[in-house]
Amino acid sequence: MNKRMFVAACTIGVLTLTACGGKDGGASANGEVTLKLVAADYGDKASNSSTAYWNDVAQRFTAANPKIKVDVQVINWNDIDSQVKTMIQSGNVPDVLQTGGYADKVADDLLYKADEVLSEPTRKNLIDSFAKAGEVDGTQYGIPFVSSARAFFYNKTLFAKAGITEAPRNWDELKAAAQKIKAKVPGVTPYALPLGPEEAQGESLIWELGNGGGYTDAKGGYTLDAKANVEAFSWLKTNLVGPGLTYANPATTDRKTAFADFAAGKTAMLNGHPSLIQMSKDGKVDYGVAPIPGKSGPLASTLGVADWMMAFKDGGHKEEVRKFLDFAYSKENTLKFDETYNLMPVTEDTLKEMTANGKHKDLEPFFTLLPNAVFYPLGDTTWDAVSAEIKKSGGTAVNDPAKVLGELQKKAEAAVADQ
Amino acid sequence: MSTTSSATRPGRKGPGGLARLGPLPWIGPATLLIVLVVLWPVYEMVRTSFLKISSSGFVRGSAGTDKYKQLFEDPALPSVVVSTVMWTIVVVTTTMVISLALAQLFNQRFPGRRVTRWALIAPWAASLVMTAIGFKWMLNQTSGVLNTVMKDLGLIDGPKDWLGDPSTAWPWMMFVAVFVSLPFTTYTLLAGLQTIPTEVYEAAKVDGTNTWQTYLRITLPLLRPALLVGMVINLINVFNSFPIIWSMTRGGPDSDTATTTVFMYQLKNADIGQSAAMSVVNFALVVVMVVLFLKAARWNQEENR
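In the order they appear, the protein sequences are chains A and B.
To convert, note that position 266 of the first sequence is 266 in the UniProt record's numbering; the numbers rise steadily by one, no gaps.
To convert, note that position 67 of the second sequence is 67 in the UniProt record's numbering; the numbers rise steadily by one, no gaps.
Okay, chain B solo, but in the shape it has when bound (with noise of 0.2 Å):
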């Protein structure tokens, strides 16, 4: 093989078909993967929307975009959207702001930080549905800790179905989401806190800044990065967050306490085309809120310099 390619290229001189092929067999792997797991499987998301497939499973030919038309004339739908961005919203700015404190904390010096910043990672490395499942059972209206010490504390008068009711399970699944969420947004901004320079506060220092200053004029601008990171990559997670919901309610009662992608495992039950046309404007959202976070972000970014 080598000759012939030397051959058509009579020119050149040294290594021969390996260099021709340029990047490619670095990057063709990588390639390679992410068309077989990412590209392949959206294909087959969208072209599943566009069938009729029976409860049995048996496809019945094309359905044109009346799944589409089906998915946004149910009536569950605007109300597990705004359930969605509240969802969203909620969770992640509560992490960002607790998290922000916590990785703060730890950027302290004190005794037995070495044994809290292990204690941070102990929500991160336990299973999602673990958790929530423990949760789950903690909240539990006959039998649930949580229940019993609340009450023993004088918080509520007996013990309450909490997840069985959407206006209190909404507020325990964000606790949940938070929970879980905080270790690696603390350990980014963590690692963001870090690397900022010494040099840099001493001279805040030398012109006299107070701490908020130095906190608001130094800290946040240089941590920037750190918390973009977080942020967007918190916006993917809590948006698709999918164990937490479906252990604790699956959604119930009806879609009352279901996010868009929780509807989505819902609609599957019934109508698996309908179910994939939920999973593409899911994955349409996300890009979209994605760019729409990132260019906000740049544009601040410039407005700065």
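If we strip away everything but chain A, and leave its shape as in the complex, we get (with noise of 0.2 Å):
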């Protein structure tokens, strides 16, 4: 009896441990459909955390559509990468994922094309450069969500104070302007140049853009170490970081921090998206946004960025999807969210509703700046891990630019051949 007793108490154990791997969603008998959405955090605090969001529109969906529920599950931007790939390998895919990238996934054939899970109206409804984005070898996959695109930020008063009259226009403007604040205003970091993990990738490509470099060229190939782009880090480095005209460490200084330090007004100048906007004024920084400085003049197109809505294929449920994303997408939905965290639509309705309203006064350089935006090069299956390997080690680029580029393009280029 001991014995059976015994092995009853493991089995149970064994059982409990591995009851927790075994959730499935799915129709149950009376048709019913749990839709699993899985979604990023964009709020910075509980009160505007997306749940509340996602979790509306849900409910209004489920009030429209008896048989589909939604089960929502938001998750913040520095765990959903990792929690993403978990549920992947763990096979508990979700349906519909919104979250920063989508090539990846395409790679291994998981996902539905567009065309399958949005219904005509709403896919017109995107704005084409975005559109586009979302494609790979000419299909798309990739749904834009909401975007953002960067500008160059800086402290009217701090200019003031350093006897400045004009936004710099070219990096030796900048670079004028940065040695006049560190002689008059000290205590302020003239220029915030963020090459920590958090935004490496888009910090640096800015000022590759700026020399006329970038990540890759017209056929698709990475160029991580090209001539423009290590000379770019070179100007960097004799320019910027040597004279102490930025942070002392940029390869450990993350975006957060350059933000922050700009809302408190201890930073005269950064590059910066439309969320500055609002901390700026939460700081009472008195800001101006311009065009990014290039080398020889502003920028004609700076760098867009998108965040991404994708559906699996893994759970069937591709008409589900559909109902759902066309919900979500209608101009109600995705205005609010804009409103909400003053994001930049990726819609055609809702843009125009933003631009019209007038309510959105800040965000008007940004809409201009939209049509012209480069992106990433989103739609390469192996963007996201060479992304992974810039954010590691592309900031050390401006300590030696061209060993540290040299031996990041070695890793994309094992990444390509690895695909």
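Some hints here could point you the wrong way.
Distance condition first, Cα-Cα at most 16 Å in a straight line; then the derived EDC-like pairs of lysine to aspartate or glutamate [stated by the list, open to error]: (1) A/LYS403 / B/ASP74; (2) B/LYS268 / A/ASP79; (3) A/LYS256 / A/GLU198; (4) A/LYS410 / B/GLU73; (5) A/LYS132 / A/GLU348; (6) B/LYS69 / A/ASP418; (7) B/LYS136 / A/GLU332; (8) B/LYS52 / A/ASP108.
Calculated directly from the structure, the hints in this document are not laboratory data.
Two chains, two separate frames, one set of hints: put the complex together.
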């Protein structure tokens, strides 16, 4: 008897330990379907968490489509990548995912094509440049969700103190302005250069674009160590980092720090995106927005960033997903999301509404930037791996441009060969 | 069931089934636990290191030994290994030396001993991550209190970005690691000190040894078991130490402040397979280190006999 009890106890133990792995969404007997939605959290505190937004969308959607329930799971940006990875690895794949990148999932043939899960009107409504950025080899898989673009922010009060009247238009003017600020306003970081793991890939690209460089050539091959890129970093090294016109260790300074410093009036210039507007207002900083300075003049096209929506094939809920996405992309919902987080729209109707309704004067300089935005090589299925490498070591290129960029290029080529 | 078992062993009297199982019912649960929480993860870890897993988490099949090749060809690996060795040696040695002194101090009778003994537990009781983040903010360039204090004391000219530069980040992280390792080590040694019988000291006194001789010839040798336990546990702990470095620098810039454990975590972002390969190497290193250390320690013991 004891042996039997022992075996029983062990079995129960094993069952309890493994029970958590067996959760399976999908259709139940009465034809009800539960869609699993995983989304990133755009809020910075509990009160404006995206959970509330998605729960509300899910509730209204289910009210309109009683047979389809939506299970909402909102994950913060730091964890979402690794958690989604774990979900895919363990076979617990979401039906709909809203996060930062999509192309690596295309490489593994996990996603529905955009035209399979979006109705014609919804698809037409997406702004062209973004829809294009969602393509892998000519087929759209990534559905843009929100966007933002970079612009040059400067602190007008600090500029006045240093006797600078105009925002710098090129690198030399930026350096001159930084020198004046360093001399006349001590204790302030003249230019914030965040090349830490959080944003190395963005800030690097902005500077490389300023010198006519970039991450890929016209054919889409990686050119991380192109001459123009090495030159851009060499310029940063000798003109900003060396003379102490920016942070002492840009490679470990994150964008978060740079933004917080700007909002606290501790830094005079930086490249920012729309969320900095609210931060600056909260910090009572009198800020100006200007085009990003390039080597010889302002950048013709700035860096655009989009976050993505994608639908996984695993659950097989194509019809239900289409209904849900059509609902989620209605003007009412996208407008609410964009206005809550001060983000830029990716749909024509919402863009029109936001430009016209006069509530978004602050965002105007950004609306004009959107059509000309340059993107990361998002449609490249190796981009996520390459981007991870750039985040990790790209910032140290300000110490030794040729060596660091050369090593990154090698890793990128290995990633391409390894596909 | 018991009838069948007694039938197969007719010659035996007394309890049936249970006795036949021998010690299994007693060690069974523990063995099962070890299999579930130790052996199975180790198996999974080794298996993953031979897999090709895409950055989206999708398993694309076997990678053979490619992940190990990639790992050993990684230009960052040599400096990471050297840093790990330095980190372990410096932190463990410093901790042991300071703890020996502290244990000796706390073994004396003095007013307020109880309160100071409690106070020593504080860094142990606090979560590692909490302590590390606390120090990270105290060292912050723009608002860190330690920067202000050092500036006011005239130790530095202006606030420094201590954690941004590997040459200053390492000493600070080692300081924090020693700080959090002290309580456990000190208490282990203190417990060891209290097991040394007073008669031995009395005998030594009668023989006319001076304080230093007593310490070297009596206290230290009799403290060996405690010393050994403290050392081995610290070696493993410090070698595997992740929260301190991850909270303070995330191993950056690049991998310049990473130990192998942190490096493993950094690799995870780009390639889980390679990261698993690093874990396997790490695991092997810990095992080798501990075996070597135990061997060396026992060899000493025998020589002394």
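Here's how the hints hold up against the structure:
With a C-alpha separation of about 14 Å, the suggested pair A/LYS403 and B/ASP74 falls inside the 16 Å cut-off, and the hint holds. About 13 Å separates the Cα atoms of B/LYS268 and A/ASP79, which keeps this hinted pair within 16 Å; it holds. Distance check on the hinted pair: A/LYS256 and A/GLU198 sit about 8 Å apart at the alpha-carbon level, within 16 Å; holds. With a CA separation close to 12 Å, the supplied pair A/LYS410 and B/GLU73 stays within the 16 Å bound.
The suggested pairing of A/LYS132 with A/GLU348 holds, with an alpha-carbon distance near 14 Å, which does not exceed 16 Å. For the suggested pair B/LYS69 and A/ASP418, the alpha carbons sit about 13 Å apart, so the restraint of at most 16 Å is met. Straight-line distance between C-alpha atoms of B/LYS136 and A/GLU332 comes to about 44 Å, which puts the hinted pair past the 16 Å bound. In summary, the hint linking B/LYS52 to A/ASP108 is supported, as the alpha carbons are separated by about 12 Å, within the 16 Å threshold.
Of the numbered hints given earlier, the model fails hint 7 alone.
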